[in-house]
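Following the hints, position chain B against chain A.
Residue numbers (our numbering), protein chains in the order written: chain A, 744 to 973; chain B, 2 to 122.
Don't read these hints as lab results, they were simulated from the structure. For glycine and all other residues, C-beta sits at the position ideal for the given N, C-alpha and C. Do not take every clue at face value.
[Stated by the list, open to error] Here's a subset of chain A near chain B, in silico, CB distances under 10 Å, partners left out:
id: 1; residue: L792
id: 2; residue: R917
id: 3; residue: G944
id: 4; residue: M950
[Unchecked claim] Here are a few chain B residues that sit away from chain A, every Cβ distance over 10 Å (derived from the structure):
id: 5; residue: Y4
id: 6; residue: L21
id: 7; residue: L24
id: 8; residue: L25
id: 9; residue: E44
id: 10; residue: M47
id: 11; residue: D77
id: 12; residue: K117
id: 13; residue: E121
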Amino acid sequence: MSGFFETSVFFGVLITLLSYGIGVWLKKKLKSPLFNPLLIAIVMTILFLLLFRIDYGIYNEGAKYISFLLTPATVCLAVPLYEQFELRKKNYRAVLAGIISGVLTSLCSIFILAGLFRLDHASYVTLLPKSITTAIGMGVSEELGGYVPVTVAVIIVTGVLGNMIAETVCRIFRIHEPVAKGIAIGTASHAVGTAKAMELGQVEGAMSSLSIVVSGILTVIGANIFARFW
Amino acid sequence: MKYIRQFGIILFISFIGEILHELLPLPIPASIYGIVLLFLCLELKMIPVSSVKEASGFLIEIMPVMFIPAAVGLIDSWQTIREAWVSYVVITAVSTVAVMAVSGRAVQAVMKRSKKKEEEG
Numbered sequence: 744m745s746g747f748f749e750t751s752v753f754f755g756v757l758i759t760l761l762s763y764g765i766g767v768w769l770k771k772k773l774k775s776p777l778f779n780p781l782l783i784a785i786v787m788t789i790l791f792l793l794l795f796r797i798d799y800g801i802y803n804e805g806a807k808y809i810s811f812l813l814t815p816a817t818v819c820l821a822v823p824l825y826e827q828f829e830l831r832k833k834n835y836r837a838v839l840a841g842i843i844s845g846v847l848t849s850l851c852s853i854f855i856l857a858g859l860f861r862l863d864h865a866s867y868v869t870l871l872p873k874s875i876t877t878a879i880g881m882g883v884s885e886e887l888g889g890y891v892p893v894t895v896a897v898i899i900v901t902g903v904l905g906n907m908i909a910e911t912v913c914r915i916f917r918i919h920e921p922v923a924k925g926i927a928i929g930t931a932s933h934a935v936g937t938a939k940a941m942e943l944g945q946v947e948g949a950m951s952s953l954s955i956v957v958s959g960i961l962t963v964i965g966a967n968i969f970a971r972f973w
Numbered sequence: 002m003k004y005i006r007q008f009g010i011i012l013f014i015s016f017i018g019e020i021l022h023e024l025l026p027l028p029i030p031a032s033i034y035g036i037v038l039l040f041l042c043l044e045l046k047m048i049p050v051s052s053v054k055e056a057s058g059f060l061i062e063i064m065p066v067m068f069i070p071a072a073v074g075l076i077d078s079w080q081t082i083r084e085a086w087v088s089y090v091v092i093t094a095v096s097t098v099a100v101m102a103v104s105g106r107a108v109q110a111v112m113k114r115s116k117k118k119e120e121e122g
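Chain A extracted, bound-state conformation:
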């Protein structure tokens, strides 16, 4: 059986799409942020490979064609960025202050905690891009010598967590301005968190997706500096 899998190019693509499809379906049925389609798809694909004893290399033989689209798709993030830029030039000072302080908080907290837990350099740089969108975070982790798959997992967990706790955190810290909520959610938990921001309102959603790109770019610069500290 596995002899066939080794020669099939479509197998990896198919299992990926199939597990994502099931993830989307489950999310629609159960309506809980815990059932993040991406998270479900990853877990299911891993379980499938383990169950049938298929090597990651064999799976990736086909799946790598999906990853091929990642760079062009990331480039496309410029389009919503442009559209919201036009829309929201008014609050730009507050927006920038929020995103910059958020990015610095992220890098500093990871630096301090990685020191406390005595992580090695590779683990530290693996965590540095954890709050930004997977597309950019993967690139940062790779450039700095981190474990890319671990970075992807940590980023997704961050997103799901942000999505789940956004409302509670905003209430506890008395963040009630829609603009502030959007920036907070997007800077802390990228696209998965943005899904929650879009549920809260249009301004929240737009601000959140703006911060995905801006915090992503700022983190590229910041992580390169912070990587030298540990």
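Relative to chain A, chain B alone:
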């Protein structure tokens, strides 16, 4: 034909991003050069939004699927983090809450200040 043209523009910008990544000695992913480049082209009206709108919308929509193959690589790299996984979880949780609180409060603080200035002046 419309989609092919749109996808072509996006691929062309990605390609220039890759060239910049190769030529410049900076640890910046090709996709970041691409984002900045496309943003500038849109801002300077060199490319109208309408000529990338549909293809970019499609690519962004299916983006989550593109993360799956990399994340499934955890199968192979699990060994390397197995001993430290608790610290990974703690760091992730603590820093996510911290970032959300700080950046939200910062936005509100600046908005309040500029509102005050408006009222005074």
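**Report entry** Status of E121 (chain B), Cβ more than 10 Å from any chain A Cβ
**Finding:** 17 Å, holds
Query raised in the report: Far enough from chain A: is every CB of that chain over 10 Å from the CB of L21 (chain B)?
Result: Given a closest Cβ separation of 12 Å, the condition holds.
Query raised in the report: With a cut-off of 10 Å, does the beta carbon of R917 (chain A) approach a beta carbon of chain B closely enough for the hint to hold?
Result: Holds. Min distance 8 Å.
Requested in this report: Determine whether the non-interface label on L25 (chain B) survives the test: each CB of chain A must be over 10 Å from its CB.
Outcome: At roughly 12 Å from the nearest Cβ of chain A, L25 (chain B) sits farther out than 10 Å, so the non-interface label holds.
Query raised in the report: Is the interface hint for L792 (chain A) satisfied, with its Cβ closer than 10 Å to some Cβ of chain B?
Result: With a minimum Cβ separation of about 6 Å from chain B (threshold 10 Å), the hint on L792 (chain A) holds.
Query raised in the report: Would L24 (chain B) pass as off the interface with chain A, using Cβ distances and a cut of 10 Å?
Result: Holds, because the least Cβ-Cβ distance between L24 (chain B) and chain A comes to about 15 Å, which exceeds 10 Å.
Query - Given as non-interface: Y4 (chain B), which should sit over 10 Å from chain A by C-beta - result: 13 Å, holds
Report task. Please confirm whether E44 (chain B) is truly not at the interface, meaning its C-beta sits more than 10 Å away from all C-beta atoms of chain A. Result -> 6 Å, violated
Query raised in the report: Once the closest CB in chain A is found, is it more than 10 Å from K117 (chain B)?
Result: 13 Å, holds
Query raised in the report: Taking the closest pair, is the beta carbon of M47 (chain B) still more than 10 Å from chain A?
Result: 12 Å, holds
Query raised in the report: Hey, does the G944 (chain A) contact hint survive, CB to chain B under 10 Å?
Result: 15 Å, violated
Query raised in the report: Taking the closest pair, is the beta carbon of D77 (chain B) still more than 10 Å from chain A?
Result: 5 Å, violated
Of the numbered hints stated above, those contradicted by the structure are hints 3, 9 and 11, listed in ascending order.
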